[in-house]
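Enquirer: One letter stands for each residue in the lines below.
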Amino acid sequence: MTRVQVQGVVKRFGDMPAIDGISLEVRPGELFTLVGPSGCGKTTLLRIIAGLLDQDAGTVLFNDDRMDDVPPYLRNIGVVFQSYAIFPHLTVGENIAYGLKARRVAPDRITAKVAEAGHLVQLEGLLDRMPSQLSGGQQQRVVLARALVIEPRLLLMDEPLSNLDAKLRVQIRSLIRAVQRELQITTIYVTHDQEEALAISDTIAVMDRGRVLQVGKPWELYLKPANRFVADFIGTMNVFRGRVEDGAAGELRGLVTGFGERWQVPAAGTPGTSISVGVRPESLALEPGGNAGEAWNSLTGTVTEAAYLGAVVRYELRVADDLTVTADIHNPDFAAIRLVGDRVTLWFAASRAVLLPDHAGEA
Amino acid sequence: MRGRRRDLWWTVTVAAFLTVLAFLVYPLVTVLVTSFSGDDKRFVLAANYERFFTHRYYYSSIINSLYLSTLATLGALLLGTTLAFAVARYPLPGRPFLRAAANLALLSPPFIGAYSWVVLFGRMGLVNRILGEFGWSLPTIYGWRGILLVFVVQYFPFVFLLVSAALRSVDQSIEDAALSLGSPPRRTIRTAILPILAPSLTAGGLLVFMGTMADFGTPMIIGEGLRTLPTLMYGEFMNELGGNPAMASTLGSLLILVNTVALMAQRYYAFRKAYNVVCIQPLRVKRARRGQLLLLSVFAYAVVIVALIPALTIIISSFMPTKGPVMYAGFSLQSYQTIFFRVPRAIANTFGLTALAVVLDVFLGVLVAYLLARRRTRVHAILDSLIMLAYAIPGTVVGVGLIVVYNRPPVVLTGTWVILLVSYFIRHLPYPVRSCTAMLQQIDIRVEEASVSLGVPPFRTFVKVTIPLMFPAIISGAALAWMTTIGELSSSILLYSGPWATMSVAIFTEVFSNHFGTASALASILIVAAFVPLFLTYRVLGERGALGV
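Going down the list, the sequences are from chains V and X.
This note's numbering numbers the first residue of the first sequence as 1 and each following residue consecutively.
This note's numbering numbers the first residue of the second sequence as 1001 and each following residue consecutively.
It is worth saying that the hints were derived from the structure and are not from the lab.
Just so it is clear, CB atoms sit at the ideal spot from N, CA and C, and this is done for glycine as well.
Among these hints, one or two may not hold up.
Away from chain V, derived, C-beta distances all over 12 Å, residues of chain X [to be verified]:
#  : residue
1  : Glu1050
2  : Gly1075
3  : Leu1126
4  : Arg1342
5  : Asn1407
6  : Arg1446
7  : Ser1451
8  : Ser1453
9  : Thr1509
10 : Ser1513
Lysine-lysine pairs mimicking DSSO-like chemistry, simulated, CA-CA at most 27 Å apart [to be verified]:
#  : chain 1 : residue 1 : chain 2 : residue 2
11 : V       : Lys167    : V       : Lys224
12 : V       : Lys113    : X       : Lys1286
13 : V       : Lys101    : X       : Lys1464
14 : V       : Lys113    : V       : Lys101
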């Protein structure tokens, strides 16, 4: 199993830094996801790790081997591309065998390994087909088998699901995860889809504008986003600005919101300064909870939209002229139904509020 | 994939540059420089140009050329576009035949087309002799009207091909949208469809304009002394009383100037008018009233038959007994016997030199296309334009340039077959380069990266993955280069010497010495030889593949 270290990597295209000094570590055998909006540099970083692109500065290490001067065809990496990059002039079997032939594996071993790989990704019986006869999902499994059969030290996947429809996407996603677990192969996975990232990853790195903003487990990113960007990108977050009050003690501190509510929030910030706090839609409730000793905060507004989805009802609430809040009430009964125009007071536990520093470069 | 090292691709870049500089740029620059030199070889600024524009003998050539090419371009556009619309949009009977026939018309080099009209409508022509028996006569084919007819008939298929291809890429929804917004059908064509076709229309027009400007054989054969830029240039250079390279170069430079201006104008226009069209559902074939359909069918078949007449005339007349320019009814292999007896060398020369040139074109073309498509540096953009220069430069100019440069030490090529090969090779290099670059732009570069990541080094990836994927483009580029090289006349006529005459040169001289039978037999062989590879390409790749220019 391979540990990957990226140390101080920089890549510029013209004057634009595509990768602006990134360091991170991928643990052996884990599925590590780079997630971020398009143009954030995630694919560029993946291509640098694959050796398909040269970095301007910094180092990439596999275990303790420096890879910077190793050409891509000697790195022994399996790459799965967004566009499949299937060889259209070769059969499925020949596609899978391609890397083995380059390694001069004996023909009978190739046959056996191709069959095995075909079985692993559920392609039995299709090995003699031409790629043009396959569906998108099948093509994606061919390139997965082709990348895995060479027993790479590392598997790199660049948005492998983005050309598939929603149902297939979930199917292939679980296949990738199952195969990856079974082979215990270190995998770096690139996606712009935060839900996909949460579902598939051991560790996620959120990227924006060539930088890594936060690395962590899926739940760490969701529950304790390091800043506003991560909070917005992973899931939905209601963000409130407020001024820290003087003189509060303990783990909680007083906050006066822009629309005049007094809240208790986890301690941070110097008294008198302005800070942002975030509250997830599902943390909001129609009534305060019963836990003794827990502080609950409230806000009041007018329902502007109500979407009843059965398991959940989503309300949009106008709290102030320039502030709309989203609230998800789960498992709603009759008492939880509000109509557009109703005045509603919502509650959340102080401990569920998240402090959100603005990240560098943001207005 | 790494660009830092001086790898194989660096070598290819240098080699390609040297080749283009030595065989195209340097000769052209020499022509331009020579045009500014005087009789005593001193540098006389613009004296030749002054002479050109003050003597009617000279300046009439550029007026004739511009006049003929402009009219021919308009005629070919009208004919080609109308035919393309008729075939694409109306249920004419035998549409595949119409399409194939229009393509076939491209196979005979224009000068052979001109000659075939002489066989039919010349003074001793078949038609005129038959009419003469009844005491009737037609206006002769000679002179500028004849040239114009040959030009339009020979060059309209370019417009037809490009516009047909462009029509296939127009989505039905565009017409539907225009009609549903209340635009009547005729207005829809003018305001919604023609604008999308504009780049192809102008590209077709440009091909016709540049082709007719450069055409040397047609005015030579039926012009009867009508001076155009290429014929006058040839005359000045090859004058029996001692050639005048300075004036020939002046004419050549003007020719280059006119063609370059036309090329730039089209590029500029097409660049501004290029739209990204996504075609899912191509334009439907329309229903038409019976009368309308009849009218269109008569038109389409008339055009196509007129376009096929040259090839048919040549082939039929090659099997007729002849005496000088007079052909008699009957069947005879006499003409073929004569050519195999008299000019076997020319046939061997043509096939040998063409094959060699095409092989070289494909070899360099594939490598250069890869560079142009995958390494878009400024250096490669320059290389691209230099290679494409060959499109715009008439054969007569290339011929004169090569002679002026390579008839003196250190490198003497005149009098050898090499100089013919060089001209064929450099002039037709754009075909494989174009077809392969276009193909590469459709091949996902990730496919190559996948191969490299699977452990196959870049150059082996190129051989194992890229070349197989480029195969259709390689074949169609080769077929086009073959087709256009095999009947090349305008530079051959200048560059051949003694034993190295080609079939095109032989046809030309046979026509001028009134041996029509042998001319027809040679021309038949040329037409068939041009047809076979294109036909095979069609069979293997289908229509779209074969036309991937």
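Enquirer: For each hint given before, does the structure comply? Return the numbers of the non-compliant ones in rising order.
Expert: Hint check: 6, 7, 8, 11 and 12 fail, others pass.
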